[in-house]
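Visitor: Spelled out, the chains give:
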Amino acid sequence: MSKAVLELRNVNKSFGPIDVLHDISLKVRAGEVLCLLGDNGAGKSTLIKTLAGVHKPTSGQMLMDGEPVTFERPRDAADRGIATVHQFGGTFPLMSVGRSFFVGMEPTKGIGPFKVFDRDKANAVAVRAVQEFGITRITDGDRLIGGLSGGERQSLAIARALHFGARVLILDEPTAALGVKQASHVLRVVMEARKRGIAVIFITHQVTHAMAVGDHFAVLIRGALAAEFARGEKSREEITDLMAGGEALANLGADVEAYMASHAGHPPPPQH
Amino acid sequence: MSSDINPASSGISGALTGLFRRPEVGAFMGMVLVFAFFSYFGADRNFLTPFGTSSWVNAASTIGIIAIPIGFLMIAGELDISIGAVVPAAKMTMAIVCGFYGQSIFVGLLATFAIAGMIGWINGTIVVRTKVPSLIVTLATLFSVSGLTLFLSLMLTDTTSQALTSPDWAKALFGSYHFWGFQSSVFWWLGLSAVLYYVLHLSPWGNWIFALGGDKESARNAGIPIDRLKIGLFMLASMAAALSGVCETVLSNSATTTTNFALIFNTIIAVVVGGVLLTGGFGTVAGVFFGTATLAIVQQGIGYTPFDRNLSSLIIGVMLLIAVLMNDSFRIMATNWSSKKK
Ligand SMILES: Nc1ncnc2c1ncn2[C@@H]1O[C@H](COP(=O)(O)OP(=O)(O)OP(=O)(O)O)[C@@H](O)[C@H]1O
Ligand SMILES: [Mg+2]
Chain A
1 MSKAVLELRN VNKSFGPIDV LHDISLKVRA GEVLCLLGDN GAGKSTLIKT
51 LAGVHKPTSG QMLMDGEPVT FERPRDAADR GIATVHQFGG TFPLMSVGRS
101 FFVGMEPTKG IGPFKVFDRD KANAVAVRAV QEFGITRITD GDRLIGGLSG
151 GERQSLAIAR ALHFGARVLI LDEPTAALGV KQASHVLRVV MEARKRGIAV
201 IFITHQVTHA MAVGDHFAVL IRGALAAEFA RGEKSREEIT DLMAGGEALA
251 NLGADVEAYM ASHAGHPPPP QH
Chain B
1 MSSDINPASS GISGALTGLF RRPEVGAFMG MVLVFAFFSY FGADRNFLTP
51 FGTSSWVNAA STIGIIAIPI GFLMIAGELD ISIGAVVPAA KMTMAIVCGF
101 YGQSIFVGLL ATFAIAGMIG WINGTIVVRT KVPSLIVTLA TLFSVSGLTL
151 FLSLMLTDTT SQALTSPDWA KALFGSYHFW GFQSSVFWWL GLSAVLYYVL
201 HLSPWGNWIF ALGGDKESAR NAGIPIDRLK IGLFMLASMA AALSGVCETV
251 LSNSATTTTN FALIFNTIIA VVVGGVLLTG GFGTVAGVFF GTATLAIVQQ
301 GIGYTPFDRN LSSLIIGVML LIAVLMNDSF RIMATNWSSK KK
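Chains as they are written, first to last, in our numbering: chain A, 1 to 272; chain B, 1 to 342.
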């Protein structure tokens with residue numbers, strides 16, 4: 001097994017009085033997909049934002065290649081080859097494809113202090129990146145993000161991360177807005193990244209997607225690491241249970257099916 | 001002037017539809033329309049003479065120097081109305097330091113811009129720290145600064161207005177009449193427009209400003225120092241207001257403490273008529289430039305027509321409404337726009 005690219009040791013994170021992450025220790029290795037699972041509000045996004053340099057851990061240590069690192073800002077993480085697609089982000093509706101692709105990493109041309117945003121280069125790179133991603137409808141880097149579909153935006157965000165994520169690729173629910181075809185494309189991209197030796201952290205609520213690409217699984221329940229296991233160690237049902245916060249979803253599944261059968265295919269109303 | 005959403009469409013009709021989707025084009029057409037209107041009714045009353053021209057260009061310059069930085073703030077999703085008090089504060093600082101205490105213009109400029117920069121810094125810092133809407137924060141600083149200006153002026157000089165004599169070079173640089181009767185501030189306006197055009201549309205910082213206004217969280221996640229950027233934009237707005245004040249003071253050789261409430265509205269109108277979205281994330285320097293010119297043409301041009309002066313406010317009100325509606329349709333059209341390349 002290869003060495004950990006990125007490691008968390010006893011990381012805690014709280015926002016004022018609210019403790020969100022408790023004592024998380026986790027490793028991601030090169031060429032491995034770590035699936036981060038957990039219910040809504042479990043702290044998955046907070047965890048990856050800590051890795052991406054958006055939040056600083058309240059306590060605990062972060063290591064890259066075995067050496068302690070601290071990220072003062074997202075740029076520090078980006079400079080070390082960590083690229084993140086955030087859950088609801090990366091969309092500036094009134095910016096062009098080329099400009100938004102390079103937000104925070106603008107390519108420039110020119111001399112001395114008179115640097116000029118290199119629009120042609122930005123557009124060309126951005127369009128090539130999304131096209132390689134299979135979104136061939138985007139041919140003009142001047143197009144505004146607001147005119148793209150949800151899936152196209154998500155694809156653009158992932159293409160961007162792939163472009164900059166030399167070592168670690170973090171995807172927070174990348175398949176949430178996507179159709180079946182795009183979702184499977186994302187999964188293929190994840191596998192491709194793994195083959196290239198990139199460490200991938202993949203967050204999803206869909207067991208199928210998790211099982212399709214995950215090498216390693218970590219389950220968060222209310223901010224604590226509840227379970228960690230490798231591919232093949234747990235069955236689909238067990239994983240589903242864990243993702244729902246340890247509740248017996250398997251039984252629930254049967255209940256739901258029974259309910260739907262007797263209610264013209266409608267799912268039962270949510271219970272709290 | 002070209003912008004970042006330069007249409008690459010082929011053919012005249014393609015170029016035309018592309019043009020219509022650029023906010024500065026709307027602002028430009030509005031300006032041409034208003035100019036034609038006042039030229040028609042004001043031609044025989046000297047509107048088109050050098051004297052008539054400089055009267056509205058001069059008025060535009062005092063607003064325009066401030067309007068572009070206010071436009072930047074609005075693109076970034078913020079507002080600054082404290083400039084209405086920063087202008088008299090800057091004027092009084094200049095007049096008290098140079099006129100009352102007899103210091104050199106250099107010292108006066110240093111003090112003026114330091115104070116303005118500090119007000120901007122306070123505005124920005126409160127906005128990013130507390131997340132209180134910038135309208136309220138700058139409303140508070142508007143009153144604080146205007147109160148402090150009055151208080152300090154009375155305490156230090158016992159008057160609310162102060163005379164100032166400047167050396168020739170300072171006169172020429174900040175406040176004298178040049179060819180056609182253009183004030184020095186006109187050249188500052190043009191120069192500042194060019195520099196800020198570079199910043200917004202050509203430099204990487206422009207990308208940050210658009211990103212900040214488009215989606216603050218995503219901008220932060222992308223590694224943009226959003227707090228520092230915002231504070232910087234507030235400082236820019238305050239210091240631009242100070243520049244406008246310095247020009248006025250040096251020109252008129254005097255300063256008063258009167259808060260300039262009209263200026264607050266004028267800058268906002270210029271920015272909105274210039275096609276900047278109230279919701280942030282979109283706008284151009286050229287648009288704000290044309291918006292400022294349009295506003296000044298209406299305000300000054302009315303005096304050259306047979307119409308009642310008070311009608312200028314009516315025209316501006318209607319214009320503002322049309323601009324807001326157009327901006328919104330621009331936004332909808334812009335986000336649906338896909339140009340076909342060959
Ligand atoms: N900046 C913040 N300030 C205060 N509380 C926060 C902040 N960010 C997240 N939280 C809280 O931390 C908890 C975990 O949030 P997080 O977004 O990490 O959940 P998640 O596992 O990603 O959920 P989901 O599956 O819905 O995306 C939530 O209770 C949330 O309210
Ligand atoms: Mg989340």
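Just to be clear, a hint being listed does not mean it is correct.
Listed next, the in silico DMTMM-like pairs over lysine to aspartate or glutamate satisfying Cα-Cα at most 25 Å (straight line) [as the list claims (entries may be wrong)]: (1) A/56 to B/217; (2) B/216 to A/72; (3) A/115 to B/227; (4) A/3 to A/39; (5) B/216 to A/118.
FYI, nobody ran anything at the bench for these hints, they're computed from the structure.
Visitor: Hinted pair, alpha-carbon criterion (25 Å max): residue 216 of chain B, residue 118 of chain A. Please report holds or violated.
Guide: Distance ~23 Å between residue 216 of chain B and residue 118 of chain A Cα, so the pair holds.
Visitor: Tell me if the straight-line CA distance from residue 216 of chain B to residue 72 of chain A falls inside 25 Å.
Guide: holds, 18 Å
Visitor: Take a quick look at whether residue 3 of chain A and residue 39 of chain A sit within 25 Å of each other, Cα to Cα.
Guide: violated, 29 Å
Visitor: Is the straight-line distance between the alpha-carbon of residue 115 of chain A and that of residue 227 of chain B 25 Å or less?
Guide: Answer holds: residue 115 of chain A to residue 227 of chain B is near 23 Å, not above 25 Å.
Visitor: Given the hinted pair residue 56 of chain A and residue 217 of chain B, is their Cα-Cα distance within 25 Å?
Guide: With a Cα-Cα distance of about 16 Å, the restraint between residue 56 of chain A and residue 217 of chain B holds, given a limit of 25 Å.
Of the numbered hints stated above, the single one contradicted by the structure is hint 4.
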